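**Student:** What follows is the residue order along each chain.
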Amino acid sequence: MSFAWAKPYEPKSAFGRWIDARLPLPRLVYGAVGGGYPVPRNLNYWWNFGVLAGVFLTIQIVTGIVLAMWYYSSVDGAFNSVEHIMRDVNAGWALRYIHMNGASFFFIVTYIHIFRGIYYGSYKAPRELVWMLGLVIYLLMMATAFMGYVLPWGQMSYWGAQVITGFFSAFPLVGEPLRIWLLGGYAPDQATLTRFFSLHYLLPFVIAGVVILHIWALHIPGSSNPTGVDIKEERDTLPFHPFYTAKDGWFGAAVLLVFALFTYFAPNFLGHPDNYIPANPLATPAEIVPEWYFWPFYAILRAFTVDFILPAKLWGVLAMFASILLLFFLPWLDNSAVRSGSYRPLFKRFFWILVVNLILLGWAGGRAATPVVIAVSQLATAYYFAHFLIILPLISKFERPLPLPDSISTSALHGERSETAPAGITRPSATTATPAE
Amino acid sequence: MATQASAEGTDRAAGTEVRRRDFLNVAAVSFAGIGVVAVTIPLISQMNPPADVLALAEVEVDISKIQTGQAIKTVWRKQPVFIRNLTPQEIQAANAVPLGELRDPETLAGRTKPGKANWLITLGVCTHLGCVPLGVGEGENRGPFGGYFCPCHGSAYDTAARIRTGPAPTNLVVPEYEFVSDTLVRIGAGGTA
Ligand code: HEM
Ligand code: FES
Numbered sequence: 099m100s101f102a103w104a105k106p107y108e109p110k111s112a113f114g115r116w117i118d119a120r121l122p123l124p125r126l127v128y129g130a131v132g133g134g135y136p137v138p139r140n141l142n143y144w145w146n147f148g149v150l151a152g153v154f155l156t157i158q159i160v161t162g163i164v165l166a167m168w169y170y171s172s173v174d175g176a177f178n179s180v181e182h183i184m185r186d187v188n189a190g191w192a193l194r195y196i197h198m199n200g201a202s203f204f205f206i207v208t209y210i211h212i213f214r215g216i217y218y219g220s221y222k223a224p225r226e227l228v229w230m231l232g233l234v235i236y237l238l239m240m241a242t243a244f245m246g247y248v249l250p251w252g253q254m255s256y257w258g259a260q261v262i263t264g265f266f267s268a269f270p271l272v273g274e275p276l277r278i279w280l281l282g283g284y285a286p287d288q289a290t291l292t293r294f295f296s297l298h299y300l301l302p303f304v305i306a307g308v309v310i311l312h313i314w315a316l317h318i319p320g321s322s323n324p325t326g327v328d329i330k331e332e333r334d335t336l337p338f339h340p341f342y343t344a345k346d347g348w349f350g351a352a353v354l355l356v357f358a359l360f361t362y363f364a365p366n367f368l369g370h371p372d373n374y375i376p377a378n379p380l381a382t383p384a385e386i387v388p389e390w391y392f393w394p395f396y397a398i399l400r401a402f403t404v405d406f407i408l409p410a411k412l413w414g415v416l417a418m419f420a421s422i423l424l425l426f427f428l429p430w431l432d433n434s435a436v437r438s439g440s441y442r443p444l445f446k447r448f449f450w451i452l453v454v455n456l457i458l459l460g461w462a463g464g465r466a467a468t469p470v471v472i473a474v475s476q477l478a479t480a481y482y483f484a485h486f487l488i489i490l491p492l493i494s495k496f497e498r499p500l501p502l503p504d505s506i507s508t509s510a511l512h513g514e515r516s517e518t519a520p521a522g523i524t525r526p527s528a529t530t531a532t533p534a535e
Numbered sequence: 238m239a240t241q242a243s244a245e246g247t248d249r250a251a252g253t254e255v256r257r258r259d260f261l262n263v264a265a266v267s268f269a270g271i272g273v274v275a276v277t278i279p280l281i282s283q284m285n286p287p288a289d290v291l292a293l294a295e296v297e298v299d300i301s302k303i304q305t306g307q308a309i310k311t312v313w314r315k316q317p318v319f320i321r322n323l324t325p326q327e328i329q330a331a332n333a334v335p336l337g338e339l340r341d342p343e344t345l346a347g348r349t350k351p352g353k354a355n356w357l358i359t360l361g362v363c364t365h366l367g368c369v370p371l372g373v374g375e376g377e378n379r380g381p382f383g384g385y386f387c388p389c390h391g392s393a394y395d396t397a398a399r400i401r402t403g404p405a406p407t408n409l410v411v412p413e414y415e416f417v418s419d420t421l422v423r424i425g426a427g428g429t430a
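Respectively, the protein sequence lines represent chains A and B.
Position in the first sequence (from 1) plus 98 gives the number in the numbering used here.
Position in the second sequence (from 1) plus 237 gives the number in the numbering used here.
Treat the hints with caution; some may be incorrect.
Residues of chain B clear of chain A, computed beta-carbon distances all greater than 10 Å [claimed, not checked]:
| hint | residue |
| --- | --- |
| 1 | R257 |
| 2 | V263 |
| 3 | F268 |
| 4 | A275 |
| 5 | V276 |
| 6 | T277 |
| 7 | Q316 |
| 8 | N322 |
| 9 | N332 |
| 10 | A333 |
| 11 | L366 |
| 12 | F382 |
Derived coverage of chain A by chain B (criterion: at least 3 residues anywhere in the stretch with Cβ under 8 Å from a Cβ of chain B; other residues may be distant) [as the list claims (entries may be wrong)]:
| hint | segment |
| --- | --- |
| 13 | 257 to 265 |
| 14 | 383 to 395 |
| 15 | 406 to 412 |
By construction, these hints were calculated from the structure, which means they are not laboratory data.
In this text, all values refer to a predicted model and were calculated from it rather than measured experimentally.
Every residue, glycine too, gets a C-beta built ideally from N, C-alpha and C.
So here's chain B without its partners, still in its complex pose (with noise of 0.2 Å):
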């Protein structure tokens, strides 16, 4: 051990103790070692978003002009976000599963906010491979339970966006949200960002 190295190594065996000079090596390999080290810090973090791409983490949509049976699509960090005001026959289809049934269990109440089951707010990101699921456009295909149809392998999402059938492993991501107002919602808020 470096620590212990003393010049004079007295309680050693002869021929084991640590000279001076080897424990300038160490020292000093070490020392080098924990510079390169610190150097590519810098060099990996510099790849993770900046802060102007982590300042666009927060968006507010106004949510006031979507009728009942309506959803749009916006952006929030780059990536499509999908905003459903669910009819209500949507939202008894979707309470009417068997969480036992499903793939990803979660209720559509886990994924809303209490008061507005009516207000399904995921990301348009297919969780198989990031493909843009269809269904928030008037007349697009919304697969076989009424929700979302990924059109690249065929993953069919529910009434709560929870996946069905198709490759994809779980439900369209829930991002983190708040209501601003009962027309406002603000996504990102009180996310990782």
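Excised from the complex, chain A in its bound form (with noise of 0.2 Å):
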């Protein structure tokens, strides 16, 4: 799109040429997606996640839909709707099931992705705003999630939706008006299982905008690479199509086989059992536990176990939420001029810190609050905000990262072992490897 050599999209039938002179849309979809947009000839496996993104949003969908034409959003029919979908409607079993496991792999297929981001410096100059837009998406696919959770009405969807509700409690003054709007009433009820209904069928529509934005604030510079160098020549580019849609295509189908396994041999692996129990607004399940991609939220919550100043539940719900507004910041916290991980030897050590810390973050908020888990939260929590606060502000300062190669060319087409060596020292090729290197 954005550069010289892009191939100008050119109609090749008569038929073409009429609908390209009044709705342009074969070449919208030529220039954004085909032949016409130049992409980096040497991505690597983890730039196939952005598109697997788009799959997973693609079938939640479609599952949802038709799921919505035989669930019924009342308090009395909600969870027999759904055991009738399960056991009678043609193909229901398969067409939840789907649903249920599609959600899960959405947000496994989207951390991967901002994981990349963070990995590679993505975030950086000029893509600032492709990641701001991904975190709202991000944002979006949490609201959506909660609230598709709640609406079969089984103990955990009811539970969770109080408890999640009650989070808003915590401010001072305005909170408990707040819950009790957002609820429409005292605690969760006929009022809440609609308006969640309603929201959770629009809130996909504005994720597949806010997606529409995202990729068009990627296309004005274009992908970024392993390297982080940005494209300087033709050479260091493919068209789109056939290249990264073959690439996608195969890779996306081997996913969906990882997802099919999940889906008709292991259904309700990542789910909560208590959910087959219908709700029950007088009694509590032992524990309540959100899904598996809240846990490291749920750990930041309940980390929070003294009054200082605020009460401790403030600091909770505060803390949460910052967590995922720090990440807004990241483009003006990590000043490094060098964007992948890959040529930045402390960042790539303290890069997987952070990720063993965030799945120490998982496994504390999955379990019950036992004081030994509540010990692990509040660590991983403090480290969480120092890695971004503290320690990644002070690595761009005082890092040496290693040489850089002129091109992307002249690192795919294997000249990175002559160009980055410093005289004497030989390193193993980091050429388009796995940030595991």
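Dock the two chains into a complex; use the hints.
**Tutor:** Okay, here's the thing in structure tokens:
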């Protein structure tokens, strides 16, 4: 698009020319994901996950629409209508299991996509808005998933809604009226269920809209790449089609295979059995646990146990929101001019510590709140904030990055070893390998 | 300022005067803005509890069957409510605690009605994250302070349903209520509804 050598769209038939003069949609597609969009030639598999996120968004929308043909959003009927889908509706069990596990896989691929961005410095100029729009998508995804989980009106649905809307009551003065406004009552009830259904249907389309902005913003500079070096000449790129359509296609099929394994052989592995018990507003399950993709945030929420100026509960809620809002400032917290973590020896180490730290937070968030679990949550929460607010700015100040290759081509066409090895020290080639290197 | 913009603008320095057209622009955009705000008000307020939910904001409960030492669970505004008939020992235990030891200092007398210190009426909603504490049913775990115990994250309440240990910040909430007669209470009476 933005490169001089991008191939212009040339309609091949008279009909194509007729359309092109009136509604140049094929031209748009050709320039966005066709032969007219030059992409760095050295993208590795971590760059497949954006398209995969789009695939799972589509799966959720399609299965969601057909589920809504059978789902009944009433407190008396919701649970049974879901069981009806599972037992009586033709292929209903498959559609529901696909939608359930599709949500989990949407989060899996999005988390990988986000960590790709963090490792390769994709959030840096000129892609700050791409990053921030991505975070907006992520927030919308969380809202959508939370409301979707309430719909079957099982025990976890009900108590999840109670606990999560309860966060808002932590705010002084406005908190309780806000909670009541969100619920449409004093506790989760019919009003809550109906509005959650309405919004759960709406938000995926809002997400689709923001994805369009996300990709539009991405296509101004084009994708970054594993070296983080800017595109300089035609040699550095390949047309999106057929090269990346083929790569995305086969890799997408491979991931869908794993998805199918879960959906058909372990459909409830990622869920909680208590949600197969109908909601009971008078009895709480032994332990309220959110879906796995919220565990790290749940751990941050529970990490605050002592009142310090503000009540502990408010600290927990503020920290939980801050942990995500913080990421909007990432482009300015990391000042290093080098994008790719592959050329940043110190950054790379701390990146992996951050990953382990988040897994630890996730572990803590999914467990009953014993003293050990709380202690782990506290340490890991402190480290999470320290990583972004202290460690990252310091690294970008003191780190000495490795020499960058002259261009994508010299790196991808295997000139890198001689390019980057300082006299006398040999390093294994880091061409387009995984971050694990 | 739009208000003093006259068509002539005679008393203004040349070039800074507000033209008639600018005034019309500002006025039109302001009115459109007010219109947009006016339209969003019903869109936002519709999400508040509707009249039928508010109508249920009061319930009357017959307490004549609750023996000393027993408790029942009832529902008010779709939330569980605990009504407990405290034993003299439980009342004593509650009164024996120095207020300074409490996270949310309140006396039992302050949490009950005058002359009815044995009737402890609270929401059954843990003030931590909203679970229903145990302790109403026969044989349920009433925790180390003999009141209620929340299984979710281990908040323990005493015999006046005051928070003693665990993550909950405040005592179980005492709703607005009144005694209609010795055996009938109206919960929600004089409440915020
Ligand atoms: C519905 C969810 C999402 C969809 C469908 C989506 C789609 C895409 C696609 C197709 C690309 C280009 C291919 C690629 O680089 O992998 C992309 C790039 C990108 N996305 Fe997303 N995305 C989603 C969510 C997110 C989120 C939550 C974030 C981060 C908070 C994010 C951050 C980025 C960044 C920084 C890039 C540019 C990467 C680069 O070129 O180096 N995306 N996205
Ligand atoms: S909800 Fe009762 S202790 Fe957390």
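**Student:** For each hint, tell me whether it holds in the structure or not.
**Tutor:** So, going through the hints one by one against the coordinates:
1. R257: Holds: least Cβ distance 39 Å, greater than 10 Å.
2. V263: holds, 31 Å
3. F268: holds, 28 Å
4. A275: holds, 19 Å
5. V276: holds, 18 Å
6. T277: Label holds. Min Cβ-Cβ 14 Å, cutoff 10 Å.
7. Q316: violated, 5 Å
8. N322: holds, 20 Å
9. N332: Its Cβ never comes within 10 Å of chain A, the nearest being 26 Å, so this holds.
10. A333: The claim stands: A333/B keeps its Cβ more than 10 Å from every Cβ of chain A (closest is about 25 Å).
11. L366: violated, 5 Å
12. F382: The claim stands: F382/B keeps its Cβ more than 10 Å from every Cβ of chain A (closest is about 18 Å).
13. 257 to 265: n = 4 at 8 Å, threshold three: holds.
14. 383 to 395: It holds: at least three residues are needed, and the segment 383 to 395 of chain A offers 3 whose Cβ sits within less than 8 Å of chain B.
15. 406 to 412: holds (count 3)
When each numbered hint is compared with the structure, violations occur for hints 7 and 11.
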